[in-house]
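Here's the letter readout for the chains.
There are 2 protein chains.
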Amino acid sequence: MRQVAAIMAGGRGERFWPLSRQGRPKQFLPLISEKTMLQETVSRLAPLLGLEDIYVVTGQQYAQCVAEQLPDLPRENIILEPEGRDTAPCIALTVAYLSYRYPGEDITLAILPADHLITKPDHFSQTLSGAFALAAAEPVLVTIGMSPNRPETGYGYIKCGEKVPWSGRHFVYRVQRFTEKPDRTTAETFLQEGGFLWNSGMFVWRLSTITQAFQRYLPEIGNALSTLCAACGAPDTLPQVFSSLPRISIDYGVMEKADNVYVIPGDFGWDDVGTWSALARVLKADANENVTIMSTSGHAVHQEPILLGSKRCVISGNGRLVAALGVEDLIIVDTEDALLICRRGQEQELKSVLEQLRRQQLTAYL
Amino acid sequence: MRQVAAIMAGGRGERFWPLSRQGRPKQFLPLISEKTMLQETVSRLAPLLGLEDIYVVTGQQYAQCVAEQLPDLPRENIILEPEGRDTAPCIALTVAYLSYRYPGEDITLAILPADHLITKPDHFSQTLSGAFALAAAEPVLVTIGMSPNRPETGYGYIKCGEKVPWSGRHFVYRVQRFTEKPDRTTAETFLQEGGFLWNSGMFVWRLSTITQAFQRYLPEIGNALSTLCAACGAPDTLPQVFSSLPRISIDYGVMEKADNVYVIPGDFGWDDVGTWSALARVLKADANENVTIMSTSGHAVHQEPILLGSKRCVISGNGRLVAALGVEDLIIVDTEDALLICRRGQEQELKSVLEQLRRQQLTAYL
Numbered sequence: 069m070r071q072v073a074a075i076m077a078g079g080r081g082e083r084f085w086p087l088s089r090q091g092r093p094k095q096f097l098p099l100i101s102e103k104t105m106l107q108e109t110v111s112r113l114a115p116l117l118g119l120e121d122i123y124v125v126t127g128q129q130y131a132q133c134v135a136e137q138l139p140d141l142p143r144e145n146i147i148l149e150p151e152g153r154d155t156a157p158c159i160a161l162t163v164a165y166l167s168y169r170y171p172g173e174d175i176t177l178a179i180l181p182a183d184h185l186i187t188k189p190d191h192f193s194q195t196l197s198g199a200f201a202l203a204a205a206e207p208v209l210v211t212i213g214m215s216p217n218r219p220e221t222g223y224g225y226i227k228c229g230e231k232v233p234w235s236g237r238h239f240v241y242r243v244q245r246f247t248e249k250p251d252r253t254t255a256e257t258f259l260q261e262g263g264f265l266w267n268s269g270m271f272v273w274r275l276s277t278i279t280q281a282f283q284r285y286l287p288e289i290g291n292a293l294s295t296l297c298a299a300c301g302a303p304d305t306l307p308q309v310f311s312s313l314p315r316i317s318i319d320y321g322v323m324e325k326a327d328n329v330y331v332i333p334g335d336f337g338w339d340d341v342g343t344w345s346a347l348a349r350v351l352k353a354d355a356n357e358n359v360t361i362m363s364t365s366g367h368a369v370h371q372e373p374i375l376l377g378s379k380r381c382v383i384s385g386n387g388r389l390v391a392a393l394g395v396e397d398l399i400i401v402d403t404e405d406a407l408l409i410c411r412r413g414q415e416q417e418l419k420s421v422l423e424q425l426r427r428q429q430l431t432a433y434l
Numbered sequence: 069m070r071q072v073a074a075i076m077a078g079g080r081g082e083r084f085w086p087l088s089r090q091g092r093p094k095q096f097l098p099l100i101s102e103k104t105m106l107q108e109t110v111s112r113l114a115p116l117l118g119l120e121d122i123y124v125v126t127g128q129q130y131a132q133c134v135a136e137q138l139p140d141l142p143r144e145n146i147i148l149e150p151e152g153r154d155t156a157p158c159i160a161l162t163v164a165y166l167s168y169r170y171p172g173e174d175i176t177l178a179i180l181p182a183d184h185l186i187t188k189p190d191h192f193s194q195t196l197s198g199a200f201a202l203a204a205a206e207p208v209l210v211t212i213g214m215s216p217n218r219p220e221t222g223y224g225y226i227k228c229g230e231k232v233p234w235s236g237r238h239f240v241y242r243v244q245r246f247t248e249k250p251d252r253t254t255a256e257t258f259l260q261e262g263g264f265l266w267n268s269g270m271f272v273w274r275l276s277t278i279t280q281a282f283q284r285y286l287p288e289i290g291n292a293l294s295t296l297c298a299a300c301g302a303p304d305t306l307p308q309v310f311s312s313l314p315r316i317s318i319d320y321g322v323m324e325k326a327d328n329v330y331v332i333p334g335d336f337g338w339d340d341v342g343t344w345s346a347l348a349r350v351l352k353a354d355a356n357e358n359v360t361i362m363s364t365s366g367h368a369v370h371q372e373p374i375l376l377g378s379k380r381c382v383i384s385g386n387g388r389l390v391a392a393l394g395v396e397d398l399i400i401v402d403t404e405d406a407l408l409i410c411r412r413g414q415e416q417e418l419k420s421v422l423e424q425l426r427r428q429q430l431t432a433y434l
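Protein sequence lines, in the order shown, are assigned to chains Z and D. Per the numbering used here, the first sequence starts with residue 69, numbered consecutively. Per the numbering used here, the second sequence starts with residue 69, numbered consecutively.
No lab work stands behind these hints, which were simulated from the structure alone. Quantities reported herein were computed from a predicted structural model and do not represent experimental measurements. Some hints could be false.
All copies of an identical chain are treated as equivalent in the list; a pair is satisfied when it fits inside any one copy or across any two copies.
[What the hints assert, rightly or not] Here are the simulated SDA-like pairs of lysine to any residue, each with C-alpha atoms no more than 25 Å apart in a straight line: (1) Lys419 / Gln371; (2) Lys419 / Thr343; (3) Lys379 / Arg426; (4) Lys379 / Glu423; (5) Lys325 / Val350; (6) Lys231 / Asn328; (7) Lys103 / Arg80; (8) Lys379 / Gln428; (9) Lys379 / Asp397; (10) Lys379 / Glu417; (11) Lys352 / Gln424; (12) Lys227 / Asn328; (13) Lys379 / Thr343; (14) Lys249 / Glu404.
Let the hints inform the model, and build the full structure from the sequences given.
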């Protein structure tokens, strides 16, 4: 059975403002290495899939950005959402597009976020390979869950149910329930109790299995799949069909309701790198726990920051000299036209900044 | 008797890095108003002196900057030090230059810093006028002392001695002693005890009086005055003569030793604005005690900063948008090529930054 991966790359990435902007959200930035998050995500799939079986699902406004960052990806493997309507319609479009392209064929499809960090790509390959095999063999919805190592309140959790031996050497679990991002106390309880995994947002299933799940749990989407499939061959009609789909996440609309969900535990140095502070967790720090992110605007000379008596700062430079004296726990982001100084842990305030910019119609900074 | 003022404008102003640079130190920056500190200093003298009696003493490298900022100042009123050798040689050069220009004439000379803030220019005029009159009438060294309103550790103090009635309505004091910058406890004692004034660095004396003082207390300078005067007419010889003078301040070399020093108390909203934090004291603050300094690089649009949950910050912008979230007591200085984030009270670390830049030969940032 054909195996394909669809990389969800439509996110706006506002939490990395001002480095991320409307025109260049997080997945298109080289936050961790010299490659962008999207390029890293595609590279990781190389041991399992050829480029002809890798799809990128994104917004119309990012089509060119994807094409530039992935010049070898076939253009027909870029699936363009007419608008952002959360993950269930996005996945439905992917399913419809594959059905349109490979009519009458069942396919095993992996859904992968474009902007997460994975430090052990070999382990990732092995786990994803197992998930492909399980989803191909059984009519189940497979998720990949991460073994938690701290009471993280920024992730959703999966409670493991019955342990099922599978394929000789592997175990998988039936999913007992999904839980949303917990508070600190709840997260600590989860860790003590055991049997919880982080929800990585990676799913694997057959087209036939997810189609049945849509029909059962999200009939508005399930019943629209044929029309959506036809619209893929008549792109002018796609926006109207797509805009009729409910705005809902796949977790809330399908995964939390379905009874055939399995989770494969994975341990491959995963992090969703959801905030500036998260970078401090995953990047190499100096002796005072400061981390510096390389220049991303192509300056020939990247001036190392001068840090005196400063601790636990996250600094994203733009070629300019940054001097930080006697400051602690700050996020310092320098860009061509905007500068952010934010206390770590106050990153939720970024939303307020963006709201204020919209209110004042300072769209150049968005 | 002719009255002139000489404005000391040779300082390097490193404490305002990165806004102040070698080529553009503090006195040439518009820190407080749209005028530069030097322009403000000259403007304040208008009620008392015409431009022909105002001199600016500065380094060769700032000659053009002074001429640009003071286009109406006669070029021959710019006195150029061949090198920086502290205040006693600087004042000696001024005395020599005036003697060269007005041979055989005694003159009352006010020495004024170029980069201090005075919020009550009328009071300043009255006080300086009184100081001119006292210095013209008596062979004494007159200083202007500021009534202290807080236990400031950043200023030198003057202990007042005998109170002397003078000119009907005024009092002056004999100076009992000068004290260097005190520690906090000493400064508090000074304030409780009373009879202390801040040393403003403003002096008034006749050429004849300061010449005698040089001869008595700094004979190396006193004996060189004739040669220095001659060198003013033969500028090629000036560097060699000037470089033979001892590096010493007028306070240490003359004022602390002389027995004919008087102090006139002044109260004209004076501040030496010696650090970024001092700006927070003297500029209009928002409800959260944040102060913002206008753009100085001629950007057409100066974007107001977005400050959310931030308190007691000093922000010097450069046209770029600055967003500060949940931060307190920071100095944020944005310039074209360098960015400073400094905890207030840690400004002494700026010296270390400049040292490091020199060591690394990053002269562009100096």
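Cross-check of the supplied hints:
For the homomeric pair Lys419 and Gln371, the shortest alpha-carbon distance between copies (19 Å) is at most 25 Å, but the shortest distance inside one copy (30 Å) is not. Taking the closest pair of Cα atoms, Lys419 and Thr343 come within 25 Å of each other only inside a single copy of the chain (12 Å); across copies the shortest separation is 34 Å, beyond that limit. Proximity of Lys379 and Arg426 under a CA criterion of 25 Å is satisfied inter-copy only: 24 Å between copies versus 33 Å inside one chain copy. In this assembly of identical chains, Lys379 and Glu423 lie within 25 Å of each other by CA distance solely across copies; the values are 21 Å between and 30 Å within a copy.
Taking identical chains as interchangeable, the C-alpha atoms of Lys325 and Val350 are never at most 25 Å apart, the minima being 34 Å within one chain and 63 Å between chains. For the identical chains of this complex, Lys231 and Asn328 are intra-copy neighbours only, at 14 Å inside a copy versus 97 Å across copies, given an alpha-carbon limit of 25 Å. In this assembly of identical chains, the alpha carbons of Lys103 and Arg80 lie at most 25 Å apart only when taken from the same copy (19 Å versus 44 Å across copies). In the homo-oligomer, the alpha carbons of Lys379 and Gln428 lie at most 25 Å apart only across protomers (23 Å), although the nearest pairing inside one protomer, at 35 Å, exceeds that limit.
Proximity of Lys379 to Asp397 under the C-alpha cut-off of 25 Å is found in both arrangements, the shortest distances being 6 Å within a copy and 16 Å between copies. In this homomeric assembly, Lys379 and Glu417 come within 25 Å of each other (Cα to Cα) both inside a single copy, at 22 Å, and across copies, at 15 Å. Taking the shortest Cα distances, Lys352 and Gln424 sit within 25 Å of each other only across copies (23 Å), while inside one copy they are farther apart (34 Å). For the homomeric pair Lys227 and Asn328, the shortest alpha-carbon distance inside one copy (14 Å) is at most 25 Å, but the shortest distance between copies (88 Å) is not.
In this homomeric assembly, Lys379 and Thr343 come within 25 Å of each other (Cα to Cα) both inside a single copy, at 18 Å, and across copies, at 23 Å. Taking CA atoms no more than 25 Å apart as the test, Lys249 paired with Glu404 passes in neither setting, with 35 Å inside one copy and 42 Å between copies.
Hint compliance for this structure: hints 5, 14 are not met, and every other hint is.
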